[in-house]
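Student: On the provided structure of chain U, position chains L and A as indicated by the hints.
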Amino acid sequence: MIRLSNLSKSFGEMHAVRSLDLDIEAGQFFSLLGPSGCGKTTTLRMIGGFEKPSAGVILLGGKDVTYEPPNKRDVNTVFQSYALFDHLSVWDNVAFGLRRKGVAKAEITQRVGATLEMVQLGELGTRKPRTLSGGQRQRVALARALVNRPRVLLLDEPLAALDLKLRRQMQIELKQIQREVGITFIFVTHDQDEALTMSDRVAVMNNGVVEQCGTPEDVYERPATRFVASFMGTSNLMPGVYADGAVTLDGGLTVNVGQRSFADGTAVSLSVRPEKIWLSDFEDGMTRVRGTVRETVYSGPTTTYLIDLVPGVRVAVLEQNTARSRNEDRWAGGETVDLGWRTADCLVLS
Amino acid sequence: MRKPRTAFAFTVLFFVLLYLPVAVVVLFSFNSQKSLTVYEGFSLRWYEAFFADEALIESLGMSLRVSLVAMVGSLVLGVALALGLVRARGKLGLYAGFIMLVPLITPEIVTGVASLLLFKGLGIPLSTMTVMIAEITFSISYVTVILRSRVAALNREVEEAAIDLGATRWQALLLVTLPALLPSILASGVLIFALVFDDFVLAFFTTGVTPQPLSVRIYSAIRFGIQPTINAVGTLMLLGSIALIGLALLIPRFFGRRGGLSILSGE
Amino acid sequence: MRKRVSLWSWLLLPGTVWMSIFFITSLLLVTALSFGTTDDLGTPHFGNSLSNWAEVFAPVYRTVILRSLGYAFITAVLCLLIAYPVAYAIARHGGRWKNALIAAIVVPFFANYLVRMYGWAVVLSDEGPLLGLARKLGAPDDWRILHTGFGVIAGLVYGFVVFMILPLYAAMERMDSAVIEAGRDLYGGPLRTFLFVTVPATRQGALAGLVLVFLPAMGDFVSAQFLGGPDQIMIGNLIQSKFFDGQNWPLGSALTMLLMIVLLIAMAGYLRRARKDEQEAWQ
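Chains as they are written, first to last, in my numbering: chain U, 1 to 350; chain L, 1001 to 1267; chain A, 2001 to 2283.
Keep in mind that the hints were calculated from the coordinates and are not lab data.
The structure presented is a predicted model; accordingly, all values stated were derived computationally and were not measured.
Every residue gets a Cβ at the ideal spot worked out from N, C-alpha and C, and that includes glycine.
Some hints could be false.
To be verified - Residues on chain L that point at chain U, a partial pick, calculated with CB under 8 Å: (1) ASN1155; (2) GLU1157; (3) GLU1160; (4) ALA1161; (5) ILE1163; (6) ALA1167; (7) THR1168; (8) GLN1171; (9) PRO1179.
The following block holds chain U by itself, in its conformation from the complex (with noise of 0.2 Å):
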């Protein structure tokens, strides 16, 4: 559906996007995740057409679109400061696409109307942007470039100015109208929360290449680099040096990991997420370890508990508060603990 190939991108000395290849299927809601500063943004305008790309393709359905202005593309663009009409009235905001390509008034009328309904801004039609919250002005942002039917959405960072429970909403509404209209999504953040619940897939880029592709799950569970498995989410990477499927830490620890495809004596970091670590009714084969509580953090629904495996080496625990429910069932600093978790779950990256 759309296929970047060798895109690059320079402003002097900068370079923003390097020798990006990507390929996004039609009808799938892809993520551009990343760090401010790593091309993504950049990335979404080219395939908007706002800047020219140093080099390289942008094919959309086939066809090479790499150097046509954005009035010539078959793609819209919700930006981040939504950027609306504030002379026009909402209803006259969402026609505006419409009536530029020349649409009949009785299809205007009704196209306008409908996607003002889905975006549940259908009494608003009358009023200017100014006048409505933040949240109604990001819809019809949304339903201004959706009312168009384009093959590709771009949306950069849509979200970011809504406060979190709206934001959450949002999430929610937008996954839900993808599907109903089954256009293309790109989407752009750099909130891997937002861009794990909602997207099919995701490009995690930094420094101006794409670091890894794939499910939300690829990317958490089966992270390809160090950068991807840090940025989502807590990861306690532990520096050490792999030998015959074990890895021993920098404090003097060594850890089973099973045979990987790494030669003996590469330096490694291993990482195991914190909600992958157990801290009792231990399954038979795990790595077994202690560890002496330095942190207890309570959260509400789950506690984060700071350990250290030896000097120097610390990992994050996180529990869901079920077993133990109360604080006197939870251990406290300076307390020592079993840890143990399923040598599938190490991630070991160079």
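Tutor: Just chains L and A, lined up with the frame of chain U:
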């Protein structure tokens, strides 16, 4: 904080002296006698005299026409310049930015002399049109300076959104960018109208013999001695100016934005 | 995006062409004619004579030019002295009347300049209210303001003081009131605080104001005409008379160019000063 009394007293004195000349003009415009020092009773005779004077009315008409044309002309050229100066890259932009600033440091008398020489050199007879051309030239810089900062403050994404939705660049400019600038454009237009209507020096150098702009007529009248009719004209012009400034200050509010003095102080 | 660049450049074009023809070309014409001559009928011709420039520096004209410089300079300084307390009172103690007071200063400025000067002349005249009051307070009968240098300067100050107040007011508005409070602690009295804290902090505004007053004052001819006498004429009056009464356009052009050069030098001095201030502020 303690109030600085000396500064307060001084400020009061300043305001008294600032308004005294204006008050004298307004007061004596209603004087029943010709004297400018003795007020002898209320009368509208100088206003009647003004409205009965066909030559003065013709001058008024000319001043209004000149102001209107200068306003429209300098807005068209100035808005385009402001947009170009903020957005365009390259040598033309640098040159345009430079020649925009020169008029601001040029005294009006120099602009007046230069315009006079140009019209004579080109063989254009001095007339209402030459005044209009000179006033447009004089006003473009003001419009550009005021609007340049407003253009720079615009959200570029709004224009991109219009293009994204299928507008051409010109359509985006006309349908989205200009409407966003409209309050500032109108406000600066009103200011230019007031400035041009009151302008004397440029008009003096570039006008033909008949008709002459109102301010040039006022100049001749004052030069040739006491003319109580001028008090009436001056009072009417003052009222007009106050109305225009008020309008310029209120325009942003019509569009639901904060009005402000920033336009007047040129910030 | 090559297309976009051309759109914006197209927008630049009409205004740039207009200003090039009607402003830059006309200034070049003045420069050219300043080297010209007049024939016996008074018709100007272009040429390459330096006689106008020699004449400009003859004693008669030199006196007028130096007088103009003096008047404009004194006017700028007087405006500064007047504007400081006024801007200070409004900015620091104006409260919610601030905007209204500033508007009240701007409004008369928008009244017709000639009418204002005319009203000012009436106020300052021998029979006017100001001298009347002075005589009642015991001033000698032969005190007069009109037709003196002081009258011309009074006119220039009245005409252009608003250009000093606005930048000063803006500079004071930007000042942090905590700085003033701190100055209070450091220096004690309000006058000392004003001199050692407010004045240095608003220097840039004052500098801008000096230029904004000096430029139009230097080129003015209305004030000298309405409020001065034959001994108070300024360079603007000379230029005006060369173009209208005397019909010596080449000489008038040379005077005009001289005025422009003086102002460009003043402007260059200001820009250097302002840049130096900026650099110091960075350090």
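Student: Each hint should be assessed against the structure and marked as holding or not.
Tutor: Outcome of the hint check:
With 8 Å as the threshold, the beta carbon of ASN1155(L) comes within range of chain U, its nearest partner Cβ sitting at about 6 Å, so the hint holds. Using the Cβ-Cβ criterion of 8 Å, the hint placing GLU1157(L) at the interface with chain U is satisfied: the shortest such distance is roughly 4 Å. For the restraint placing GLU1160(L) at the interface with chain U, the shortest Cβ-Cβ distance is roughly 6 Å, inside the 8 Å limit, so the hint holds. Interface hint at ALA1161(L): satisfied, since its Cβ lies 4 Å from the closest Cβ of chain U, which is below the 8 Å cut-off.
Using the Cβ-Cβ criterion of 8 Å, the hint placing ILE1163(L) at the interface with chain U is satisfied: the shortest such distance is roughly 5 Å. Proximity of ALA1167(L) to chain U holds as hinted, the smallest CB-CB distance being about 5 Å (cut-off 8 Å). With 8 Å as the threshold, the beta carbon of THR1168(L) comes within range of chain U, its nearest partner Cβ sitting at about 6 Å, so the hint holds. With 8 Å as the threshold, the beta carbon of GLN1171(L) comes within range of chain U, its nearest partner Cβ sitting at about 7 Å, so the hint holds.
The beta carbon of PRO1179(L) is positioned within 8 Å of a beta carbon in chain U (closest approach about 4 Å), and the interface hint is therefore held.
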